[in-house]
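Colleague: Residue-level listing of the chains:
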Amino acid sequence: MTNKIKIKIDGKEIITEEGKTIVEAAKENGIFIPTLCNFAGTLPKGCCRMCTIKINNRFMTSCTTPAAHGMEVENNTKEINDFRKGIVELLFVSGNHFCPSCEKSGNCELQALAYRYQMMVPRFPYDFPMRSVDGSSPYIIKDQNRCILCKRCIKTIHDDQGRHYFAFKDRGHKLEVILDEKMGKEMSQAIAKKAMENCPVGSIIYKEVGFATPIGKRKYDHQPIGSEIEN
Amino acid sequence: MEKKIIATTSLAGCFGCHMSILDIDERILDLIELVEFNKSPVDDIKTFTKPVDIGIIEGGCCNSENVEVLRSFRKNCKILISLGECAIMGGLPALRNGIPIEECLNEAYLNGPTVGLNTEHIMPCDDELPMLLDKVYPCHEIVKIDYYLPGCPPRADLIWDALVALLTGSELDLPYEVVKFD
Amino acid sequence: MKDRIFEIISKYNGDSYRLMDILHDIQAVAGYIDHATIALLADKLPLSAAQIEETVSFYHFYSDKPLAKFNIYLNDSVTANMNGRKEVLAAFEAACGIKQGQVTSDGTLGLFPTSCIGMNDQEPAAIINDKVFTRLTPFRVKQIVNGLKHGLSLDDLVVEECGDGKNALPEINSMVCNNIRRKGALLNHDYKLFSVINDILPNTSSDEIIDIVSESNIRGRGGAGFPTGLKWKFGSRAKGEHRYIICNADEGEPGTFKDRVLLTEYPEMVFEGMVTAGYAVGADMGLLYLRYEYKYLLSYLNGVLESMRKNNYLGKNISGIEDFDFDIRIQLGAGAYICGEESALIESLEGKRGEPRDKPPFPVEKGYMNLPTVVNNVETLATVVKIIKNGADWFNKLGNKDSVGTKVLSISGDCRFPGIYEVEWGLKIGDVLDMCGADNVQAIQVGGPSGALIGEKDFHRELSYSDLPTGGSMIVFNKNRNLLTEVVLNFMNFFIEESCGTCSTCRNMPYVLREKLLKVINGRGVKQDIEDMTSWARLLNVSRCGLGQTAANPIVSSIKNFRPLYEALLNHEVEYDSGFNLETSVLESCKVVGRQPIFHHNA
Numbered sequence: 001m002t003n004k005i006k007i008k009i010d011g012k013e014i015i016t017e018e019g020k021t022i023v024e025a026a027k028e029n030g031i032f033i034p035t036l037c038n039f040a041g042t043l044p045k046g047c048c049r050m051c052t053i054k055i056n057n058r059f060m061t062s063c064t065t066p067a068a069h070g071m072e073v074e075n076n077t078k079e080i081n082d083f084r085k086g087i088v089e090l091l092f093v094s095g096n097h098f099c100p101s102c103e104k105s106g107n108c109e110l111q112a113l114a115y116r117y118q119m120m121v122p123r124f125p126y127d128f129p130m131r132s133v134d135g136s137s138p139y140i141i142k143d144q145n146r147c148i149l150c151k152r153c154i155k156t157i158h159d160d161q162g163r164h165y166f167a168f169k170d171r172g173h174k175l176e177v178i179l180d181e182k183m184g185k186e187m188s189q190a191i192a193k194k195a196m197e198n199c200p201v202g203s204i205i206y207k208e209v210g211f212a213t214p215i216g217k218r219k220y221d222h223q224p225i226g227s228e229i230e231n
Numbered sequence: 001m002e003k004k005i006i007a008t009t010s011l012a013g014c015f016g017c018h019m020s021i022l023d024i025d026e027r028i029l030d031l032i033e034l035v036e037f038n039k040s041p042v043d044d045i046k047t048f049t050k051p052v053d054i055g056i057i058e059g060g061c062c063n064s065e066n067v068e069v070l071r072s073f074r075k076n077c078k079i080l081i082s083l084g085e086c087a088i089m090g091g092l093p094a095l096r097n098g099i100p101i102e103e104c105l106n107e108a109y110l111n112g113p114t115v116g117l118n119t120e121h122i123m124p125c126d127d128e129l130p131m132l133l134d135k136v137y138p139c140h141e142i143v144k145i146d147y148y149l150p151g152c153p154p155r156a157d158l159i160w161d162a163l164v165a166l167l168t169g170s171e172l173d174l175p176y177e178v179v180k181f182d
Numbered sequence: 001m002k003d004r005i006f007e008i009i010s011k012y013n014g015d016s017y018r019l020m021d022i023l024h025d026i027q028a029v030a031g032y033i034d035h036a037t038i039a040l041l042a043d044k045l046p047l048s049a050a051q052i053e054e055t056v057s058f059y060h061f062y063s064d065k066p067l068a069k070f071n072i073y074l075n076d077s078v079t080a081n082m083n084g085r086k087e088v089l090a091a092f093e094a095a096c097g098i099k100q101g102q103v104t105s106d107g108t109l110g111l112f113p114t115s116c117i118g119m120n121d122q123e124p125a126a127i128i129n130d131k132v133f134t135r136l137t138p139f140r141v142k143q144i145v146n147g148l149k150h151g152l153s154l155d156d157l158v159v160e161e162c163g164d165g166k167n168a169l170p171e172i173n174s175m176v177c178n179n180i181r182r183k184g185a186l187l188n189h190d191y192k193l194f195s196v197i198n199d200i201l202p203n204t205s206s207d208e209i210i211d212i213v214s215e216s217n218i219r220g221r222g223g224a225g226f227p228t229g230l231k232w233k234f235g236s237r238a239k240g241e242h243r244y245i246i247c248n249a250d251e252g253e254p255g256t257f258k259d260r261v262l263l264t265e266y267p268e269m270v271f272e273g274m275v276t277a278g279y280a281v282g283a284d285m286g287l288l289y290l291r292y293e294y295k296y297l298l299s300y301l302n303g304v305l306e307s308m309r310k311n312n313y314l315g316k317n318i319s320g321i322e323d324f325d326f327d328i329r330i331q332l333g334a335g336a337y338i339c340g341e342e343s344a345l346i347e348s349l350e351g352k353r354g355e356p357r358d359k360p361p362f363p364v365e366k367g368y369m370n371l372p373t374v375v376n377n378v379e380t381l382a383t384v385v386k387i388i389k390n391g392a393d394w395f396n397k398l399g400n401k402d403s404v405g406t407k408v409l410s411i412s413g414d415c416r417f418p419g420i421y422e423v424e425w426g427l428k429i430g431d432v433l434d435m436c437g438a439d440n441v442q443a444i445q446v447g448g449p450s451g452a453l454i455g456e457k458d459f460h461r462e463l464s465y466s467d468l469p470t471g472g473s474m475i476v477f478n479k480n481r482n483l484l485t486e487v488v489l490n491f492m493n494f495f496i497e498e499s500c501g502t503c504s505t506c507r508n509m510p511y512v513l514r515e516k517l518l519k520v521i522n523g524r525g526v527k528q529d530i531e532d533m534t535s536w537a538r539l540l541n542v543s544r545c546g547l548g549q550t551a552a553n554p555i556v557s558s559i560k561n562f563r564p565l566y567e568a569l570l571n572h573e574v575e576y577d578s579g580f581n582l583e584t585s586v587l588e589s590c591k592v593v594g595r596q597p598i599f600h601h602n603a
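For the record, the sequence lines run as chains A, B and C. Going by my numbering, 76 is the number at position 76 of the first sequence; the sequence numbering is gapless. Going by my numbering, 174 is the number at position 174 of the second sequence; the sequence numbering is gapless. Going by my numbering, 573 is the number at position 573 of the third sequence; the sequence numbering is gapless.
A portion of the hints provided could be inaccurate.
Just the calculated beta-carbon pair ranges, DEER-fashion [said to hold, decoys possible]: (1) A:E186 with C:A36: 13 to 23 Å; (2) A:S101 with B:D30: 27 to 37 Å; (3) C:E575 with B:K46: 28 to 38 Å.
None of these hints come from the bench; they were simulated from the model. We put the beta carbon where it would ideally sit given N, CA and C, even for glycine.
I would like the entire structure built from these sequences, with the hints used as guidance.
Modeller: Structure below.
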């Protein structure tokens, strides 16, 4: 038996259950809160900060904050949307995101968020960092140029004993997600496909698969990300 | 209404964005009613002959000549538009960014699979040639840019809508489908 | 070597939560932690090699490359630079024959930079193989390097008479000075050690202890200022098989060094505070997280714990209280400022990267091993002992209304008497400056880089949680200092170096802001750049932890309080300047193809 609770998002009252995160509660009620690092079925870790909302004048991440009765959430406001757009822009300039040459273009969640927030050009200067591409695994390519360090692969791709295929390396501005050398070599096709599917951007690419769907007919080419949630 | 003056150029680009301008199809006849082209590959005018209202830049800056041209556009145009991914973020030429320039030149002239005829291992170094920049720069990281129209190439509809809005001073309301980065 | 590594793993029962200790031990034996070692560990622990590398690569003092026999970590803090680090570095480079970041070809000497090591009152300082060398001069550097080259031990090279107080004990044998300049309620030697454990705990219930702490109104001394009594109350009520008390001795905020002095001179009170907290909260285990830079205190502190065990101040039925079992273990950090954040500290204690956790849940509910955990600062715990002894009323009479009690300040920079000062809350900044002998003051950094840089117009303000809060770091800058290049830039470098990198904002924004700052410093700034820095910095507000949220403070607070310094550097003639320089950007390619840059047009 679950406890029903009421919360308000941008003044709209919604009903949800105790224990649900705000992002889940919003989704069930047709309200879109953008996310990048959040992934259904794993513990949230607010890495990307996209789902930032404001409660009692404090910024919180809605993927990690449980809904509580009476909570009043600011979501779709000018201030917060500008932060979100800023985060998208920051991610664009801090990596090497060449959409025209990326296999994931049109299906990429980062790009889709840039479309949704109408990013015409990032406000920050481009960094053009030197990044490597790891093709040592027989089935996947790990392209550090496109990685947004969301941790989804780290959290979701592991073996039966819970050992992680992917892991963070270094810290701060040098942070990257590396593929375990040994496990990468022994990776099954199924795991490789799952890794690619779980990656929100084009950083994990299944080898030997090109453009199955042409540009113009991909997931976010006609429908903004989140429109599947919004009613 | 007096015709607005337009200039265009392609810097480190592939001319795809210019092709996309032509892709406005029969609307080009309407465009000609609204504007007059000055310096542009469209009419092959090589130098500015009068003050320009709108300069349209395709491509980023990969060498000193690109920089000179871009700066002359800034000087001669009231409004500058970065058209397409290369102008906005360097685009495909910027894939070389981050790779040491010596490696790039060695690959291009000494070690690459297509350098067979360069038996004397010459690196082009004539003073008349433009000098390569340390990286490919987006246009706004050189001069001030007023508007950005993304895409590779930008959709013809986007170019048309944006130009019409600029020329007529009307509000620009872009449908979701036209702003794309690929 | 393989056998030694397996021995180390079994010493910790193959417990991956003890990975920090396993790595410390391996590095002590092997000198570094390479790929082959990590692969061996991955075989024996329930972790992949990449996961182990995740931890190894996070911490400054673990190395995946061979280090030298003697590794010199030269502090790069702002006060080190103000006190001649440049000359000292040059002397090290000349004497060793290498550049910073390198190891000599014979593998004897290595020279590396490091973030603040908590010696701001005796800079420039370096850590050489865990031994701290302070007040370095080029002359002294020559002496040290020559000594090392000629086979002298580090102990031979320490100038023993330098260190005052317990620094001179054989267990510490350090040239570090306490520089205690002013004592107050906490530092006065008017307390008979362990009298709280001996006399008060056996006759007082745990709830009563919490009540005294609550009534004293003491707030956390680390900087965040959460009411300690409330924290203990939450911890005591949270459900869990075990509860933990953690003492946060990872003071990494540049400019703070008071916990170092407390641990040197008052360790018994700190531990007694942990026992008291353990009693109040119902915890059975205490952990003191000691920053790696203070490793020279480790065996001394373990000695103190050992004698406490002998006297039943730790162990079973402490002080005859039935079922009150409590012991303390010291966990050594490995060089990461962010581990001063309590949840990052807990992650580190569990053998992982020091990445702050999302809150809620707070550590009092789910902390170490997901069990209720109370994390307190060194100073808080020591102070609590005196509060229990003297009563809440005694404490409430100290300080001002908003912030009661005293605060131990770490004062450094341009002043005649840098060191430790215990003052009552409410003291004005102007009085702080008079107290430490600072003249010709341009600015003072209150609360370290994450705090505020304030100038003369704010010297009337008071130290308090509501006005100018501080974890204790106070750095003074005189009018000859270039605040932007010497201070703000150094602090930005610090935040970039020390970000854990998990949040998109803190990973990237300080870097973007530093580039802007450099643009201004290099004379290419325009008015818009100041507006950009101010508005872009706001994005950091959505970061997860305090470090990320405050990582732009050096820039934001210097723009706020010292805007004319920026204005003076701006080019007011132009509206837009991208900072692009055609002349320098073609140099590299011209060199490669072998031509002289020629500019046909006047740009």
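Colleague: Would you mind marking each hint as holding or not holding in the structure?
Modeller: The hints, checked one at a time:
1. Take A:E186 and C:A36: their Cβ atoms lie about 18 Å apart, and the range 13 to 23 Å holds.
2. Checked against the hint of 27 to 37 Å, the pair A:S101 and B:D30 passes, with Cβ atoms roughly 34 Å apart.
3. In this structure the hint that C:E575 and B:K46 lie 28 to 38 Å apart at CB holds, the actual value being about 30 Å.
The earlier numbered hints are all upheld by this structure, with none contradicted.
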